Amino acid sequence: MWAIQLFNGLSYSSILLLVALGLSITFGLMNVINMAHGEFLMIGAYMVYVTQHLFQQYAPAAWFDSYYIFALFVSFTVAFFLGMLLEMGLVKFLYRRPLDSLLATWGVGMMLQQAAKMIFGAPNVAVTSPSWLEGGLQLTSVVVLPYKRLFILALVIVCLLSLYIYLYRTAAGRSMRAVMQNRDMAGCLGISTRKVDRITFAIGSGIAGLAGSALALIGPIGSSLGTYYIVDAFMVVVLGGVGKLAGVVFGAVTIGVLNVFFESWLSASIAKVIVFVIVIAFLQWRPRGFVSLKTRALES
Amino acid sequence: MLNVYQCQVGYRESIIIRDVSLKVKQGQVVCLLGRNGVGKTTLVKGIMGLLPFRHGNMQIEQTNVTNDPPYKRAKHGMGYVPQGREIFPHLTVYENICLGLEGTSKRDKRAVEKMLEIFPALKPMLKRKGGDLSGGQQQQLAFARAMIANPKLLILDEPTEGIQPSIVQEIQELIVNMKQQHTVSMLLVEQSIDFVRQVGDYFYMLEKGEIVAEGAIEALTDQIVKQHVVV
Numbered sequence: 000m001w002a003i004q005l006f007n008g009l010s011y012s013s014i015l016l017l018v019a020l021g022l023s024i025t026f027g028l029m030n031v032i033n034m035a036h037g038e039f040l041m042i043g044a045y046m047v048y049v050t051q052h053l054f055q056q057y058a059p060a061a062w063f064d065s066y067y068i069f070a071l072f073v074s075f076t077v078a079f080f081l082g083m084l085l086e087m088g089l090v091k092f093l094y095r096r097p098l099d100s101l102l103a104t105w106g107v108g109m110m111l112q113q114a115a116k117m118i119f120g121a122p123n124v125a126v127t128s129p130s131w132l133e134g135g136l137q138l139t140s141v142v143v144l145p146y147k148r149l150f151i152l153a154l155v156i157v158c159l160l161s162l163y164i165y166l167y168r169t170a171a172g173r174s175m176r177a178v179m180q181n182r183d184m185a186g187c188l189g190i191s192t193r194k195v196d197r198i199t200f201a202i203g204s205g206i207a208g209l210a211g212s213a214l215a216l217i218g219p220i221g222s223s224l225g226t227y228y229i230v231d232a233f234m235v236v237v238l239g240g241v242g243k244l245a246g247v248v249f250g251a252v253t254i255g256v257l258n259v260f261f262e263s264w265l266s267a268s269i270a271k272v273i274v275f276v277i278v279i280a281f282l283q284w285r286p287r288g289f290v291s292l293k294t295r296a297l298e299s
Numbered sequence: 000m001l002n003v004y005q006c007q008v009g010y011r012e013s014i015i016i017r018d019v020s021l022k023v024k025q026g027q028v029v030c031l032l033g034r035n036g037v038g039k040t041t042l043v044k045g046i047m048g049l050l051p052f053r054h055g056n057m058q059i060e061q062t063n064v065t066n067d068p069p070y071k072r073a074k075h076g077m078g079y080v081p082q083g084r085e086i087f088p089h090l091t092v093y094e095n096i097c098l099g100l101e102g103t104s105k106r107d108k109r110a111v112e113k114m115l116e117i118f119p120a121l122k123p124m125l126k127r128k129g130g131d132l133s134g135g136q137q138q139q140l141a142f143a144r145a146m147i148a149n150p151k152l153l154i155l156d157e158p159t160e161g162i163q164p165s166i167v168q169e170i171q172e173l174i175v176n177m178k179q180q181h182t183v184s185m186l187l188v189e190q191s192i193d194f195v196r197q198v199g200d201y202f203y204m205l206e207k208g209e210i211v212a213e214g215a216i217e218a219l220t221d222q223i224v225k226q227h228v229v230v
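Each protein sequence line maps, in turn, to chains A and B.
For the first sequence, numbering that gives the first Met the number 0 gives the first residue as 0, with consecutive numbering after it.
For the second sequence, numbering that gives the first Met the number 0 gives the first residue as 0, with consecutive numbering after it.
Each hint can be trusted.
Taking lysine-lysine and the DSSO-like style, the derived pairs with C-alpha atoms no more than 27 Å apart in a straight line are:
#1 B:LYS74 to A:LYS91
#2 B:LYS108 to A:LYS194
#3 A:LYS91 to B:LYS71
Selected chain A positions facing chain B (Cβ under 7 Å, derived; list incomplete):
#4 ARG173
#5 ALA177
#6 GLN180
#7 MET184
#8 GLY186
#9 SER191
These are computed hints drawn from the structure, not numbers from a lab.
Quick caveat: nothing in here was measured; it's all calculated off a predicted structure.
Just so it is clear, CB atoms sit at the ideal spot from N, CA and C, and this is done for glycine as well.
Chain B with its partners taken away, still in its complex shape:
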């Protein structure tokens, strides 16, 4: 599904990510772990095409997309729920959801209704500005916006960060449900080790921009967690 080979990513002169290789197989949930500041979001931005690869290459389903801009990657079936949600603050909730369809040829109305069945909390909000929503509502909106296009690969960057516990619960259930349907592969950046163990198939542990441990989720021992995640 997704194949990243020896990529180097950074901002301007500084290189953050060094020689990272990573694979997401069809239907898998792959978790990217590590402390704050080790480069998880930088790597994700590299994979989405927001930061260029200095080295290395990347394929989605055997298509080389290393030099493609983000919008082409989206058309290849990548969906993105970024850190901080990145809702368009001056667009209505309805418009925000519709924008998720830009990479597809689907039409707005029916697809939006389908999303509202999954996220009923957004229904009374459709005419409000995206910026007026609470953090949790914005996170649901970010999911709706990404899922409406039926992506083959979802990139989720800390989807439960900074929102109230009840919605954390909902979002975790949502991810579990999506996994059970086997239609979408996921690359999940997540801090909660419990949730990672519950939903993940495979993990990569990042430290100082390099992968220091990887393996099937059963191999994510308390020792690895203690060594690389717990402060």
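This is chain A alone, in the form it adopts within the complex:
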């Protein structure tokens, strides 16, 4: 019994982690409070829906099962470029004004929600999972691990690893970390800080799109999809502490496992209340979260 609980907890954690990973970049590294992050999840989810439709209409039926792999790329790419547009059109003017960026991106989020309603209609839609994600891994007669959940777990691990390699093993990631630690000095060394900002924000948005495509597997897709996750995602990043990948992992696993644990003997809403109370208490003790970089840039 406890094994199932643990798996459910980890599964929920992996979803939270995927949702919060993009946010940990835009909020954690760039200090931009992007309230439209949830809408990038929604865009990612709708992209899966769109890709599925295109496959149903134009591709041979035998190919249908592979649509989801394409959808992952489409979701990432579309969210990546929309994120870049948002950065160039709005966020770049608001780097020194965090509260304004919160309001402005919230507005953008609402616009995106309305746009989704206009394009796809108000009712929720759903996608058909590819057949290779149906069913589950039968461990014992009662313990079944659904393939979808396992797939999301794997997707999270791949995302984390790729992000880690990008940040810590490539020259582009090195420049990105330099800009986030000391923007002025990075500029003086010849790093185009504008370009780094643009790419960083776009990557954060792209990962949100990817997270959205995972959400499409496990629930209905609607224009308000992102609003269910945005608060949790911010909680994860704040609890984990900004600036480090390990922080997000810690935040997501803690909140995910605690949530499922309390849910197993309390109602869902009470469980959430208890989890948030614990998070708030923890932040009283460590206001900067579990792991935190001590840089002058973050203190100011």
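Guided by the hints, dock chain B onto chain A, whose structure is given.
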């Protein structure tokens, strides 16, 4: 090499630097002198592009860079060793040095090895975080980071401030060596008048954001020093 014409620089509403014109010729070491708080660092930040010019303009080798952001100026061959060193604290020493190449098209490895020959003290530190180094080591790292790109013009803002005497000595020798090679021009903000007289070609004396005296280094008399520098 560097030509600054009647620049005005300041923070927000307050203007610190008024109508300063300044020239650094090819191969010269030009020293910027003055007491604390007269605007030396503000002027340097204006020249690097970290603070905008309200008025005036600036050229590097006849190219107008007045409105260019810092990274474009770096690509024009400007290297910067800032006051307080500004090492990236959470990046390794190796990564810190490599970042100096961002404005160039050179590749990392060979160039870093060359820098390590000049600064052997950094060699055992390569994997450590920049923030773990002592002040003197950080200053050497800041030099390595600036020099790796082979800049045409080095801007040095109080490179010997607040570090132990043995490393002050090393850094002064380094500046003398660079000067003798005639490959790089320098704009040097420095408090030690003895060192300025040893290495400088020309000086500008700054007071209350304006240039109150300038001339070849021989013209830096004790009287000028007494009037504008000694407290």
